[in-house]
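A.B. asks: These are the residues of each chain, in order.
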Amino acid sequence: MSGTFVGMPAFPKAAHEAVHDTTLRGNLRHATHMIRGKREKAVAEVSDWAELREAGKQIKDHTLRHLDRYLVQLEESVTAAGGTVHWAADADEANEIVAQLVKMTGESEVVKVKSMATQEIGLNEALEAEGIRAYETDLAELIVQLGKDRPSHILVPAIHRNRGEIRDIFRNEMSEWGRPAPEGLTDTPAELAEAARLHLREKFLRAKVGISGANFMVAETGTLVVVESEGNGRMCLTLPETLISVVGIEKIVPTWQDLEVFLQTLPRSSTAERMNPYTSTWTGTTDADGPQNFHLVLLDNGRTDTLADEVGRQALRCIRCSACLNVCPVYERAGGHAYGSVYPGPIGAILSPQLRGVTSEIDASLPYASSLCGACYEVCPVAIDIPEVLVHLRERVVQGGQVTSNGNKVVLKPAKGHAAERAAMRAARWAFSHPGALRTGQLLASRTRRLHPRTLPGPGKAWSGTRDLPAVPAEPFRDWWQRTQGGKGGTK
Amino acid sequence: MSSRERILGRVRRALADVPPEQMPYEQAVPRDYLREHGERSVEQTVDLLAENLADYRAIVHRCTPADLAATIAGMLAARGAKTVLVPPGLESEWLAATDAERVADRAESTPDELDRIDSVVTACAVAVAETGTIVLDGSPDQGRRRITLVPDHHICVVRVPEQVVSSVPQALERLDPVRPLTWISGPSATSDIELDRVEGVHGPRTLEVVLVGD
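Those protein sequence lines, which keep their order, are chains A and B.
Residue numbering for the first sequence follows our numbering, beginning at 1 and increasing consecutively.
Residue numbering for the second sequence follows our numbering, beginning at 1 and increasing consecutively.
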């Protein structure tokens, strides 16, 4: 498996292959079912969950509505606290900024805290091309990196791997990257965690440059927040001399007080804990404590395009908890790789096509990677109506229309694959507005019902491949109604 | 045009549909949620802290101020700690009874040096009962962030009940965002293997919390 998402096939094809992988399905079923029950318990502990959810939604919406103001305020407060702020319109620019900053330190390796933003922009690959080696230090990211694999979950990128597979990856690959796995390593989670501790320790202790993302940025104080479990985050945030944080512009909250909402909803939604083991907050630099050089790279990369969509912009409220992945019946069966993006699952199905546009095959197929059951909306701690955005994006794919791409308004053509659907809808519209034709058609359909095929030919084949065609009754309803005077003359 | 101007311009154009006279921040966000969950006496709040700390595998001890030095000495001895890292402003009486060698944290101490020290003893800034969390803010009795990270054994002293709050909202009110904060809820852990929590990864694998009060 290659470590990139470029050139991924459309969701139906990738998912079709994934559902035949019984190990993958077993791993996903085991993990998602376990976390579902635990999350429910953790949420039930707080009686004001609905109010916290509403407050979280409103804080994020308010921030997005005034994002320009809060970005400028954040820049001022981070700068005043001793940090340096950089702005990156897209992935290439962000990668270039980070590579330059690392080169200026004279270092050729960096340690990384798990970060969705740097995954999204492909930072590790970009640094590699510049001769800089980036070590992932989150356990799951390490498993993915050592296995030359791709992440398949927002919180636990290696969720598709079970303990036996992880042991094999550690045994075979750790020596390539540094300290080899201990002799006789078994597959107990505690031993695997210990192996990761030993492998990464020397890297932490010698690291001069750390790279992170952030869960939140507080505009009024310039404070960044990283929420984690293992302590690898603390290592990367405090031991190096230089810290570079790459953060999406939507991660802002206006005030310090706002954290009281998210520090309650995020841990319970993601790992189902009252509180995650470690949360670090820092404001610029602190004398003699932690990195003395702090750089914040503010990343757009499609976020302002998403913001321009009145329905779709709610996706920017996302705090990356991954609760929607864990409850999704489609994610549970198809796995994260089928989504062709670092953002899999329901949130990925609305985020990726907005950040990247719906022009590629995979992105045009993602709004359909859902049964619209709504479980994702129910668990979302910031109340993103994912089904609403999915339907909205389906409309965009089928009908085209005006969208914003790289800051420019463009008119999107309807997607090719949906020509038959549009023709069928046009025909239906015509038939329903011509009662005579509709009646003739219905009669004809009734008379020929024995001859109807079980699947549709031609372009309709894919549609009927997974659905039964409705059986046509012997007599159309309108004829029955006329003949029986609306049922008064008996039901026969 | 700089990227800063480009991004800010894009944000403004993206928000063209948002009517200009919007509610100010104070009114836009309903704060109908609770300041704390449930009603408890001060003693019950301290008990809840102890319970939740233990639930996430921190080892909890309770003692009076008079017994604190002996309690800490006992914990270090039980661990077999030969060296103990001391933040600059730690009350010296706390370590009056231990035989472990005291190592002062110096600005020039390297991570490798810290890695060779057995234990660290600190105070804390605040503790949160509902979540079983202790928060360090880098005050002189807690020291730099790295000293509670690299050694494998952390003893944290919480003065009860005065340093204990019920909830996350109450904790944030007490904390200064300018200081670098570390919120600690149990020892280092991971959920990365099959989404099940396992203790003991990069941070201190043993966290002992002493609740000290009369």
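If you are wondering where the hints come from, they were derived from the structure by calculation, not from laboratory data.
Some hints here could point you the wrong way.
[Claimed, not checked] Stretch by stretch, here's where chain A covers chain B in the computed footprint (C-beta under 8 Å, at least three residues): (1) 7 to 17; (2) 45 to 51; (3) 62 to 70; (4) 88 to 101; (5) 152 to 163; (6) 178 to 188.
By construction, the Cβ of each residue, glycine as well, lies at the ideal position given by its N, Cα and C atoms.
A.B. asks: For every hint, state whether the structure bears it out.
C.D. replies: Here's how the hints hold up against the structure:
1. 7 to 17: holds (count 10)
2. 45 to 51: Violated, because only 0 residues of the region 45 to 51 of chain B bring their Cβ atoms closer than 8 Å to Cβ atoms of chain A.
3. 62 to 70: violated (count 0)
4. 88 to 101: Coverage by chain A is violated here, the residue count being 0 at a Cβ distance below 8 Å.
5. 152 to 163: violated (count 0)
6. 178 to 188: holds (count 11)
Checked against the numbered hints listed earlier, the structure breaks hints 2, 3, 4 and 5; every other hint is satisfied.
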